[in-house]
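Visitor: Keeping their order, the protein sequence lines are chains A and B.
Here the first sequence is numbered in our numbering, starting from 1 and rising by one per residue.
Here the second sequence is numbered in our numbering, starting from 369 and rising by one per residue.
For the record, the hints were derived by calculation from the structure and aren't laboratory data.
Hints should not be assumed to be uniformly reliable.
[What the hints assert, rightly or not] Computed list of lysine to any residue pairs in SDA-like fashion (alpha-carbon distance at most 20 Å, straight line): (1) K252/A - D332/A; (2) K252/A - S499/B; (3) K252/A - E498/B; (4) K514/B - P592/B; (5) K252/A - G507/B; (6) K568/B - D533/B; (7) K252/A - G500/B; (8) K514/B - R550/B; (9) K568/B - R331/A; (10) K568/B - V330/A; (11) K568/B - Y327/A; (12) K252/A - Q268/A; (13) K676/B - P376/B; (14) K514/B - A549/B; (15) K568/B - G535/B; (16) K568/B - G326/A; (17) K252/A - S503/B; (18) K514/B - P547/B; (19) K252/A - D273/A; (20) K252/A - A501/B; (21) K568/B - R404/B; (22) K389/B - P376/B; (23) K568/B - D332/A; (24) K568/B - P582/B; (25) K252/A - S263/A; (26) K568/B - F333/A; (27) K389/B - G420/B; (28) K514/B - D545/B; (29) K252/A - D504/B; (30) K568/B - G32/A; (31) K514/B - P562/B.
[To be verified] Residues from chain B shown here face chain A by an in silico Cβ test under 8 Å; the list is partial: (32) G502; (33) G507; (34) G700; (35) E704; (36) G707; (37) A710; (38) E735.
From the three backbone atoms N, C-alpha and C, an ideal C-beta is built for every residue, glycine too.
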Amino acid sequence: MIDLPDDVVALAEVVRQFGATEVAPAAGDWDGRAQLPASVLGRVAELGLLGATVAEAQGGAGTSWLGAAVIVETLARSSGSLAAVVAAHEALCVAPVGACGNDEQQAAWLPELLGGALGTGTFAPGITAARAAGGWRLAGRATDVIGGATAQRIVVLAQTEGGPSDEPTAFLVPADAPGLRRSPLDVLGLRAAGLADLELDGVVVPDDRRLGVAAGASRARGRAQDRLCTLLAAIAVGLGRGALAAAVTYAKERQQFGQPIASFQAIQWKIADAATGLDAAALLVHAAARRLDDDRPATSAAARALAFAGTQACAATNDALQIHGGYGYVRDFPVERMLRDARSCQVIAGPPAVLRARVADAIAQRFA
Amino acid sequence: MTPFDFEPTDAQRQLRDTARKLATELLAPQAERLDREGGFPRENLLRLAQHGLLGVNVPRALGGLEAGAVAYSLMMTEIARACASTTVAVGVSNMVAEVICRFGTPEQQRAHVPKLCDGSHVVGAFALSESGAGSDPAGMRTRARKTDRGWVLDGSKMWISSGTDAGLFVVWARTGDAPGARGISAFLVPGDTPGLVRGKPEHKMGLRGSTTTPLEFHDCEIGPEALLDAEGRGFRIAMMALDGGRIGIGSQALGIGLGALDAFVGWVREGTGPRAASQDVQWALADSATALDAARLLTLRAAWLKEKGELFTHAASMAKLQASEAAVRVCGRLVEAMGPAALRTGNAVERCLRDVRVTMIYEGTSEVQRIVIGRDIARRFEGART
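Required output: the full structure, derived from the provided sequences and hints.
Guide: Right under this line is the structure:
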């Protein structure tokens with residue numbers, strides 16, 4: 001564990017044990033069925049890992065974003081899908097409710113979000129909110145929403161029409177709201193993360209489900225995006241490390257030409273390069289998470305972290321699969337799943353080109 | 369040595385066009401369903417056999433097309449461009465036929481090659497790898513015991529392509545106590561031989577329309593006519609089969625990469641946004657096309673050397689190494705450029721990404737290709753000095 005404070009290291013150990021004993025043995029099955037069992041989300045909630053960033057005063061663990069990143073990274077070593085669901089819950093639902101919800105809303109919603117009710121959110125462009133009797137009418141669509149098929153609460157950021165301002169506003173939408181259609185996706189990786197396209201066709205949301213003041217929402221959008229990117233980057237690191245661990249174990253056991261294949265340079269170089277790349281990626285993740293914790297701008301840092309970690313995770317899982325030979329290509333071993341998950345994690349929030357553009361913009365501004 | 373001519377002959381072009389037509393009209397429309405549902409494309413393989421595609425580089429007298437190794441490579445690329453899964457059975461069956469033509473007696477050739485070419489054997493398969501003998505076939509443990517009536521096979525094999533449906537297996541087994549590669553012989557074993565048990569197909573990341581199974585041999589009796597070439601000559605046969613096979617896998621990987629690129633270009637053109645103008649997309653197109661062209665040239669060179677009767681071992685390894693690694697990189701790069709849309713099953717890029725990955729593994733891993741190439745170059749260097 002590099003570069004982390006003691007409390008985060010202790011948290012990581014709890015998650016590591018949970019991951020090794022309760023997640024890893026079942027993760028392949030979840031991937032095969034493209035579903036997480038409710039029981040595992042219950043266990044994640046029991047351990048305080050669901051909504052961990054909620055303040056202690058509000059019933060959460062008061063975990064930092066650095067801690068949240070380490071939680072999802074460690075979960076992802078065993079199951080990318082579970083980690084992604086936890087990340088979306090944290091970044092797209094719990095955090096906006098915590099940041100923009102008023103006291104009543106927080107008192108009403110945070111306990112259920114901490115207790116195992118799954119949340120997610122979308123800041124897809126083009127969703128509108130128009131005034132309607134007793135509230136707002138939401139319309140638009142969002143694609144590739146992590147947890148979109150399974151979440152019970154969805155934070156939707158919409159452009160308000162006829163409201164107090166033209167700023168986007170966040171709404172907490174229950175998943176069973178009439179007019180909300182969810183289309184689950186059959187995808188390459190993160191198959192158990194409940195990916196779905198959402199269509200909001202005149203979903204009516206009462207006023208008391210509108211989150212906070214409009215002025216905060218615009219910033220909340222950027223912040224939600226940065227948090228999601230940071231956590232996805234952490235998941236990428238975890239997937240890479242999970243695959244690397246599997247590959248090292250395999251390479252020490254597998255004998256060819258009368259010796260363990262771990263003794264060959266071709267295998268050692270892959271292991272060394274993967275470990276180095278993943279450590280570098282972890283440092284970028286930690287740097288982005290610390291900026292979130294310090295309430296400093298994190299857009300560039302989060303984009304760097306995901307762009308780099310995504311690449312490293314794809315390379316590491318690819319090499320881990322190669323080390324396994326034919327066994328790497330079959331579903332009895334976890335590495336092919338980790339490779340598929342890493343690819344999904346890398347691009348699920350958009351092409352890496354978008355991330356690089358964010359970094360380049362930030363650098364250009366500095367030289368303006 | 370005659371200079372390498374990149375232009376296909378009329379006969380090669382004709383076969384490529386036949387393959388392209390079958391790929392486009394027959395295989396492509398079914399590729400997505402085959403991937404989703406799995407199984408073995410028996411009917412389609414019979415259709416390909418009817419057009420001669422299971423015996424491309426096999427003499428006409430034995431039912432083949434006698435079109436040569438370059439035509440074979442062109443055919444494999446066209447088929448893989450539409451359906452990588454089907455290519456596996458096609459490629460292996462062609463190699464089984466070639467191996468029998470090269471090493472078999474006239475009786476063995478007449479008994480099996482026409483049936484491989486016309487599809488009445490369904491397809492042929494190689495049974496070389498074992499759970500403990502992958503990159504290192506010298507670790508093989510399956511045994512063939514000599515009896516009055518022929519041979520008795522005992523042991524188990526793994527990673528057998530088309531294992532569920534193949535009508536003929538080339539099986540490698542130890543016939544002597546000599547260690548390592550010596551003491552290994554090859555046998556022709558019909559799929560219905562008692563004592564040959566086909567295992568359950570592996571659940572694979574890709575190539576889900578190609579079955580990969582273990583095989584078990586329990587007191588499996590075969591006649592004396594089953595022995596291919598002389599006793600103890602099996603390793604040489606395996607190496608020859610792998611050399612030819614590597615041209616096939618290089619051609620297949622190239623085809624999968626081209627298939628992904630086709631789907632990507634389709635996505636770029638149907639886009640309403642600034643897709644085609646984006647440098648991210650342009651660079652992805654340029655780098656992918658360049659890498660695949662390099663792979664194509666190396667693959668054609670290896671096929672051409674084989675056709676001319678020259679040594680082509682290290683050329684085949686180079687082709688397979690470059691084509692498989694380029695195609696894997698291309699598929700990854702195209703997913704990156706496309707973003708989340710590329711992750712959806714039903715998108716050909718998603719399928720290609722899963723299908724192509726094993727081309728860096730089977731028929732010798734990339735690491736094995738590097739060993740072959742490196743050893744060969746070092747050897748030649750030594751020759752030049754002395």
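Visitor: Compare the structure with each hint and give your call.
Guide: Quick rundown of the hints versus the structure:
1. K252/A - D332/A: holds, 18 Å
2. K252/A - S499/B: holds, 16 Å
3. K252/A - E498/B: Holds, at about 19 Å.
4. K514/B - P592/B: At roughly 9 Å apart (the allowed maximum being 20 Å), P592/B and K514/B satisfy the hint.
5. K252/A - G507/B: holds, 18 Å
6. K568/B - D533/B: holds, 12 Å
7. K252/A - G500/B: holds, 14 Å
8. K514/B - R550/B: Status holds; Cα separation ~17 Å.
9. K568/B - R331/A: OK: K568/B and R331/A at ~14 Å, within 20 Å.
10. K568/B - V330/A: holds, 13 Å
11. K568/B - Y327/A: Holds, at roughly 15 Å.
12. K252/A - Q268/A: The hint holds at about 11 Å.
13. K676/B - P376/B: Holds. K676/B to P376/B sits at ~14 Å (cutoff 20 Å).
14. K514/B - A549/B: holds, 19 Å
15. K568/B - G535/B: Distance of about 17 Å is within 20 Å: holds.
16. K568/B - G326/A: Between K568/B and G326/A the Cα gap is close to 16 Å, so the pair holds against 20 Å.
17. K252/A - S503/B: holds, 16 Å
18. K514/B - P547/B: holds, 18 Å
19. K252/A - D273/A: Holds - the C-alpha atoms of D273/A and K252/A are around 17 Å apart, at most 20 Å.
20. K252/A - A501/B: holds, 16 Å
21. K568/B - R404/B: holds, 18 Å
22. K389/B - P376/B: holds, 17 Å
23. K568/B - D332/A: holds, 13 Å
24. K568/B - P582/B: Holds - the C-alpha atoms of P582/B and K568/B are around 7 Å apart, at most 20 Å.
25. K252/A - S263/A: holds, 8 Å
26. K568/B - F333/A: holds, 17 Å
27. K389/B - G420/B: Roughly 14 Å separates the two Cα atoms, so the pair holds.
28. K514/B - D545/B: holds, 13 Å
29. K252/A - D504/B: Answer holds: K252/A to D504/B is near 16 Å, not above 20 Å.
30. K568/B - G32/A: holds, 18 Å
31. K514/B - P562/B: holds, 17 Å
32. G502: holds, 5 Å
33. G507: holds, 7 Å
34. G700: Holds, about 6 Å.
35. E704: This hint holds: E704/B lies near chain A, its Cβ roughly 5 Å from the closest one there, short of 8 Å.
36. G707: holds, 4 Å
37. A710: Since the shortest Cβ distance to chain A is 7 Å, the answer is holds.
38. E735: holds, 5 Å
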